[in-house]
Amino acid sequence: MRRLLTILLLTVAATAFARGIAIEPLGPNDVAALLKPPVRGERIVMVWSLDCVYCEPNMRALAKLQRARPRHIQLVTVATDSIAQRARIAARLEAAGMQDFPARAYTEPSPARINFLIDPNWGGELPRTIVIRADGSRTAISGELTEKQLAQLAP
Amino acid sequence: MTYKPPMALRRLVPLLCLALLPLAAIAHGGQMDMVHEPALGAGAAFDAHGRLWLATVRDGHVVVQHSADLGKTFSEPVQVNPATETIYASGENRPKLATGPAGQIYVQWTEQPGPGWIGYIRFARSTDGGRHFSAPITVNHNPSKVTRGFDSLAIAGNGDIVVAWIDGRDAAQAKSAGKPYAGFAFYYTWSADGGKTFAPERKLMDHSCECCRTALARGPDGKVVAFFRGVYGDNIRDHAFAVLHTDGEANHPQRATFSGWRVAACPDQGPGLAIGADGVRHAVWYEASHGPAIWYGQLDPGHAPRHALKLGGPGASHADVAVRGKTVWVAWNQVNADGYALMLRSSRDGGAHFGAAREIASSNVAVGSPQFLTRAGAAYVAWNTADGFRLIPVETR
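Here the protein sequences come in this chain order: A and B. In terms of this note's numbering, the first sequence opens at residue 287 and continues consecutively. In terms of this note's numbering, the second sequence opens at residue 197 and continues consecutively.
Hints are computed from structural coordinates only; laboratory data are not their basis. Watch out, some of these pointers could steer you wrong.
[Said to hold, decoys possible] Straight-line Cα separation of at most 27 Å, DSSO-like style, residue types lysine-lysine; simulated pairs: (1) K375/B <-> K350/A; (2) K322/A <-> K350/A; (3) K399/B <-> K434/A; (4) K434/A <-> K371/B; (5) K399/B <-> K375/B; (6) K268/B <-> K350/A.
[What the hints assert, rightly or not] Pair by pair, the computed Cβ-Cβ distance ranges are: (7) P311/B <-> K350/A: 16 to 26 Å; (8) K506/B <-> K350/A: 33 to 43 Å; (9) S485/B <-> G422/A: 20 to 30 Å; (10) K506/B <-> Q438/A: 29 to 39 Å; (11) N407/A <-> D545/B: 38 to 48 Å; (12) G313/A <-> T280/B: 26 to 36 Å; (13) T425/A <-> A582/B: 29 to 39 Å.
Note that beta-carbon positions come from the ideal geometry of N, C-alpha and C, so glycine has one too.
Can you make the complete structure from the sequences, with help from the hints?
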């Protein structure tokens with residue numbers, strides 16, 4: 287019984303201090319702020335979805351890039367799945383080791399409108415990596431990034 | 197000697213455990229929260245009497261309703277799967293519904309039986325006019341927990357029920373053997389006993405796209421044919437066409453679009469197909485080799501499609517196609533900053549020429565992909581929106 291109580295108390299402590307990934311909503315009115323140039327360096331927005339098999343390796347590669355240049359790069363992930371699926375989204379991000387990065391999810395059950403607001407010349411294929419630089423320039427690439435593309439993202 | 201805690205503590209422990217459960221769930225990403233939002237994936241079909249049938253997903257159940265007044269009012273929903281399942285019902289994954297010649301209602305969906313990218317293709321039927329459904333069966337004989345989905349359903353001329361899907365088993369095997377494997381694979385099966393049992397699945401083609409819906413259609417010879425996105429060479433996302441033989445004859449999938457669009461991504465935009473009584477294969481598809489574009493064309497497997505016509509560019513997506521005699525209709529979603537328009541173009545000369553695009557419906561809330569239905573020579577578009585299901589009649593101009 288003492289053992290049970292110890293386990294219970296440890297569970298209480300672990301649970302109280304464990305940090306889940308907070309997923310913030312991204313609605314049509316939030317897109318402009320997301321795409322606003324950062325004060326310095328660059329913001330990389332990685333758009334992904336639960337069904338996308340190419341997204342997780344892309345996510346991990348961008349996380350590695352950010353960790354190598356933390357003062358230069360902000361990394362934000364955006365799931366095109368509705369935020370109603372926040373539990374699945376958080377679980378997937380956690381499995382990919384993305385706890386340290388701000389995470390957003392679309393507020394709508396169909397992604398097309400917010401996709402269009404982010405970039406009208408994008409058909410929704412995922413992953414989509416958008417680099418927004420302090421000077422206002424922007425680069426967007428569909429698909430899993432190659433080593434060469436990754437190297438060019440943060441010169 | 198055994199320690200016996202006081203009665204008060206013994207009572208407290210289970211209460212404390214119960215109290216902690218929600219906290220533990222929140223700490224692990226809020227996994228106790230449920231998806232209450234209605235999914236937009238829906239499947240619709242007319243039966244031989246002109247009644248409209250609709251399959252949608254609610255709280256872990258596929259539910260079926262019918263309408264005798266073209267979608268103005270619907271019957272009470274009937275649950276298809278008695279036990280709740282996690283059902284794919286968003287994006288290009290949606291439940292499918294087809295009607296049989298004797299009034300059978302066939303329903304198919306993809307279940308996610310556990311966490312991760314795994315799926316089982318599920319099927320049930322009603323032989324009493326939609327009042328009751330048979331116990332759901334898993335169509336795929338292979339039980340491995342791999343990705344399956346983007347299923348499609350069609351009824352052959354002889355009444356066989358043909359089911360196709362994208363399957364990740366070959367990719368998983370290659371990965372575990374340390375070998376490269378592009379995309380997934382296209383599998384199909386059929387039932388010759390009205391949906392009681394399905395034959396062991398056959399692989400049609402290695403290297404399908406992983407995340408685009410598949411299209412099936414019935415040709416004038418009664419055979420079911422497939423049109424779906426493949427992965428050719430170094431991630432080129434063009435489409436394949438094949439007759440799905442159910443008599444043991446060898447299959448011959450052939451490349452049928454040649455855009456050369458290369459991308460290591462999930463397009464989430466599968467094609468549409470309708471076969472005319474003259475055998476002409478009317479198709480619609482998406483590619484982004486020179487920016488996003490949806491196309492119409494008449495498939496000539498092994499060669500570029502005939503009468504290729506770009507239907508839309510940025511913001512145009514998820515097209516469908518229907519044919520009746522010499523009339524061909526194409527419809528798609530056109531999004532802009534304010535919402536969605538359902539666009540239509542029609543041809544009266546078998547797809548050689550099309551009239552101008554026009555908006556036939558609009559929505560300022562999210563919409564699913566349009567699905568054509570035909571009844572007595574007239575065409576309708578089934579359009580599920582976050583505000584409810586709509587059946588939109590199509591007039592030819």
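Here's how the hints hold up against the structure:
no. : hint                          : in the structure
1   : K375/B <-> K350/A             : holds (25 Å)
2   : K322/A <-> K350/A             : holds (23 Å)
3   : K399/B <-> K434/A             : violated (36 Å)
4   : K434/A <-> K371/B             : holds (24 Å)
5   : K399/B <-> K375/B             : holds (19 Å)
6   : K268/B <-> K350/A             : violated (54 Å)
7   : P311/B <-> K350/A: 16 to 26 Å : holds (25 Å)
8   : K506/B <-> K350/A: 33 to 43 Å : holds (40 Å)
9   : S485/B <-> G422/A: 20 to 30 Å : holds (28 Å)
10  : K506/B <-> Q438/A: 29 to 39 Å : holds (31 Å)
11  : N407/A <-> D545/B: 38 to 48 Å : violated (33 Å)
12  : G313/A <-> T280/B: 26 to 36 Å : holds (30 Å)
13  : T425/A <-> A582/B: 29 to 39 Å : holds (33 Å)
In summary, the numbered hints that this structure violates are 3, 6, 11.
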